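Trainee: Here is what each chain is made of, one letter per residue.
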Amino acid sequence: MIYIHVPFCIRKCGYCSFFSVPLDRELQDRYVSCLVKEIRQIGKTLYPETLYFGGGTPSLLEIPEFEKILSYFDLSHCKELTLEVNPATISSDYAEKLRILGFNRVSIGAQSTDAGELRWLGRIHTHEDTVNCVSMLREAGFDNISLDLIYALPGQETTSVLQSAKALCQLQPQHFSLYCLSLEDSVPLAGWQSKLPDGDTAAEMYENLCDWLTVASFSQYELSNFSLPGFESRHNSAYWNQVPYMGFGPSAAGFTGERRYKNPVSIVDWIEMVDSGSREWEHETLNNREQEYIMLRLRTTIGISFAEFSRRFGVDFQQKYSDVTAFLEKHSMLEEDVTHARLTRKGRFVADEVIQHFFIDDER
Amino acid sequence: MKRKLIRNFCIIAHIDHGKSTLADRLLEETHVINRGAGVAQVLDDMDLEREKGITIKSHAIRLEYEHDNKTYVYNLIDTPGHVDFSYEVSRSLASCEGALLLVDASQGIEAQTMSNLYLALDNNLEIIPVINKIDIPGADVEGAVHEVSETLGVHESEVFCISAKMGTGIDSLLQGIAKYIPAPDGDRENPPQALIFDSYYDVYRGVVVLIRMYEGTLKKGDAVKLFSTGKQYEVEEIGHLGLQLIPGTSLSAGEVGYIISGIKDVSEARVGDTITTIKDGCKKALEGFQEPKPMVYSGIFPLNGEDYQDLLESLAKLKLNDSSIVYEKESSMALGFGFRCGFLGMLHLEIVKERLLREYNLPIITTTPSVTFNVSLTDGTVKSINNPVEFPDPARITEVDEPFMSVEIMVPEKFVGNIMKLAMDRRGIQKDMQYIDEKRVAIHYEMPLLEIIFDFYDRLKSVSKGYASLDYSFLDYRKANIVKVDILINGERVDAMSFMCHEDKAYNWGKSVADTLRDEIPRHLFKIALQACIGAKIIARSTISAMRKNVTAKCYGGDITRKKKLLEKQKEGKKRMKEIGSVNVPQEAFLAVLKTNRD
Ligand SMILES: Nc1nc2c(ncn2[C@@H]2O[C@H](COP(=O)(O)OP(=O)(O)O)[C@@H](O)[C@H]2O)c(=O)[nH]1
Ligand code: SF4
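Read top to bottom, the protein sequences are chains A and B. Residue numbers for the first sequence follow my numbering, beginning at 275 and rising by one. Residue numbers for the second sequence follow my numbering, beginning at 17 and rising by one.
Isolated chain A, as found in the complex (with noise of 0.2 Å):
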């Protein structure tokens, strides 16, 4: 499975903390050729199964541009290709040509439908702009549509959030993202920080809208993830299982299995690194890897199999941390069937805290 990172937007979004710059040709065109080094440096054709164009808005790149990266993988076992994509970039027919290109799946970042709250958030769109977008992607033929929400923002009423999720309903997605709005430190919306509603109205939210998709028929695979049934993200479901991965561009990460690298978070400082050909890896210890595993198997809905657990890592799940799960089932965060260990309902949203509680400290 493979990353691309691609980092350029028209405009920061006040409460972004992904890596991107604003749009510039000159560094683009820079960004693509070396963006085709890193990827040839590899030294072997790539056949990943699923291939995923984040950012940044990767919908800024031309079509041109997409042809010629794409033509260094061998797409024949690909089964997901995905473009996120800002809903104020597309027309019909950069939409046509996606699909002609095989693009297969688009995540939309919609974020709300309230024309105030966009505003705030510094989105670039309106809520036309997504119901206009989702159209054209889907005369283009493309059946496999995302959409993001963001909720918990400053002053929002539980009801506003619903009204958001209900319009973005009717727009027929099969797939749902759901964002708990959090401000980093270096964010330009990061003085709203102490604004933003407690825990236990943002925990209300959540549980309003876990409850309202699954009446739309979407069920959860993930702590912030809904699709229709088969329309799960193989994408990052492969993330959350632990397989290895590689990403491409400035800031995106890799991971062996073993050992796992992340490119500089800095357009220059990534060309200097492809260009020099040396790349940092670090080596992860088996216990690192183990807790990992955890955090990330927790959050999915299907939980930990005791079986593949063994097998990973050559220990018994249920004997290893039988002290750590009896205190979280007796608080009902946890619940365990024959083969399977996974976060309750209730466990959910508290899933980081109950997650620190399986680090114990470990040798290997």
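Hints should not be assumed to be uniformly reliable.
Unchecked claim - The following residues of chain A were derived to be distant from chain B, with all beta-carbon distances above 12 Å:
#: 1; residue: N378
#: 2; residue: V405
#: 3; residue: V461
What the hints assert, rightly or not - With a straight-line Cα cutoff of 30 Å, these simulated DSSO-like cross-link-like pairs (lysine-lysine) come out:
#: 4; chain 1: B; residue 1: K585; chain 2: A; residue 2: K536
#: 5; chain 1: B; residue 1: K590; chain 2: B; residue 2: K580
#: 6; chain 1: A; residue 1: K620; chain 2: B; residue 2: K235
#: 7; chain 1: B; residue 1: K335; chain 2: A; residue 2: K286
#: 8; chain 1: B; residue 1: K300; chain 2: B; residue 2: K235
#: 9; chain 1: B; residue 1: K587; chain 2: A; residue 2: K594
Hint data in this document are derived by calculation from the structure and do not stem from the laboratory. Computed from a predicted model, the values in this text were never measured in an experiment. A virtual CB, placed ideally from N, CA and C, is assigned to each residue, including glycine.
Keeping the supplied structure of chain A fixed, place chain B with the ligands upon it in accordance with the hints.
Mentor: Only chain B with the ligands this time, still in chain A's reference frame:
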């Protein structure tokens, strides 16, 4: 040394009325230091003292003053300025024949100054009234002169008016000292009798004992003994107190100086003790000696458990210089190993805490302070209890007695209502109230020490906009309904948070601690019950509801490592907390409990 030319005196003043500044001026005028030499405020030589504006230990210095073709020797003896140290003050005063009563022209006399003044009068000291800060524009010098002369029953013309800052009036004050303060009595041929009025530990020389000779002569090489312990020493060095120690050969009746005699620990050379020679020594000790009596007890625990050994060593070092600290080992389920320490008062406790942090770099947690209760048991025995952990089961108790203090509060009349309300809340019994002048009154209370140690002074200041001043001294023990309140976190008792209090306050205090904990303990995955109990009976409670949110919304490729690190950091944070009944209690919670409202 001509005894007739010696003047031994001290300065009685409230904090900030200018004692240190005046002392500097006197040193300059008598050429002990040069003007502006930068040895600012020589007598306070601990940073902490200067910052808090209080003198922790008394010291003394000798000045030579030329007047009328005679060279007088002035021994200026410094006195500690806080109510916790009133015994030390009394011993300093006992070393003097006179005292300068220094009053800030803009402030007037304060309660503690009054009480020190009474102490001075009890010791038959000649009082020279001095009004300071006359340079301040608009200072009511006349009013201050009037007030002081009324208080002392002297003519207004006998009051000296100075500006320590500008140097105004210093020379006539120096003359006044020669004129009004009597020379010391005593005969150099009598058997020696010396009063220890202070001692301190010097890393290189051991304990330096400051003495006032009452009778006879002590010489280098003399074999001497201490009255209280009977221990014997040899005078290895004897001399005067300048800016440094000035060794000489002997000290005689009336003189003030020091001896070094191989004493290793200040607690051997107790303030107030008498020194004499073994051969032909005096028969009787000087009056007024007391063992240091800690009034306030508290547990002291290292913030980091591994600092225990360091804490042990640091306390031992502090004790070298401060014999009034007492401590013994204590272990707490919640806080691990530490010490139960006794202090002269709350300020003394604060000072020790700060010194541990600053001089020894040791952050500590202290537990709720307590006084010493006398607890009578059904088996007829009486126990002294200052630690809640040792408080017996109520069924075994027949009576509890608590220490009462005699409390003097001086305050502008308009705040009297507030003060009375506060004192009543603190179980104070009003004894009388007197007008000092048209605007200010002195109110006398009897009040349990237990009620004073919990931020009484701060509350007093706040209800009087800073104008009230306070003084108190031990009175007696009185019967009281004292109960022990335990704090339970999720059903588990936190020994370090238990406290003893009057039954009528148990609910308020318990509730206040429970509420403080509610604000200090982060939410957990489960609901946390915080309870205050007397025995098995729950008297107050508070709840921390279960955590509803702690989740990162996004967790894809590039975020994974970062997110894992974030969780590890959160986990690390928890490891630094104390785990009580599967609840992680932050250190701050222990500190906050100390500061909870006690009204
Ligand atoms: N204006 C004025 N200020 C003074 C005088 N004497 C002392 N001060 C100031 O009063 C404050 C307290 O003086 P200090 O000697 O430290 O007081 P202590 O606490 O009694 O030792 C300092 O800021 C001094 O500078 C004076 O005669 N006139
Ligand atoms: S469009 Fe997306 S990547 Fe770009 S600034 Fe906005 S949130 Fe960030």
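Trainee: Are the hints correct? Go through all of them and say.
Mentor: Here is what the structure says about each hint:
For A/N378, the condition that its CB be more than 12 Å from all CB atoms of chain B holds, with the nearest at approximately 19 Å. With a minimum CB-CB distance of about 25 Å to chain B, A/V405 clears the 12 Å threshold, and the non-interface call stands. The claim that A/V461 is not at the interface with chain B holds, since no C-beta of that chain comes within 12 Å of its own (minimum 14 Å). Restraint check: the Cα-Cα separation between B/K585 and A/K536 comes to about 20 Å, which is no more than 30 Å; the hinted pair holds.
Restraint check for B/K590 and B/K580: satisfied, since their Cα atoms lie roughly 15 Å apart, inside the 30 Å limit. Under the criterion of a C-alpha separation no larger than 30 Å, the hint pairing A/K620 with B/K235 is inconsistent with the structure, at around 84 Å. The hinted pair formed by B/K335 and A/K286 fails the criterion: a straight-line CA distance of about 63 Å is larger than 30 Å. Distance check on the hinted pair: B/K300 and B/K235 sit about 20 Å apart at the alpha-carbon level, within 30 Å; holds.
With a C-alpha separation of about 19 Å, the suggested pair B/K587 and A/K594 falls inside the 30 Å cut-off, and the hint holds.
Against the hints set out earlier in the document, violations occur for numbers 6, 7.
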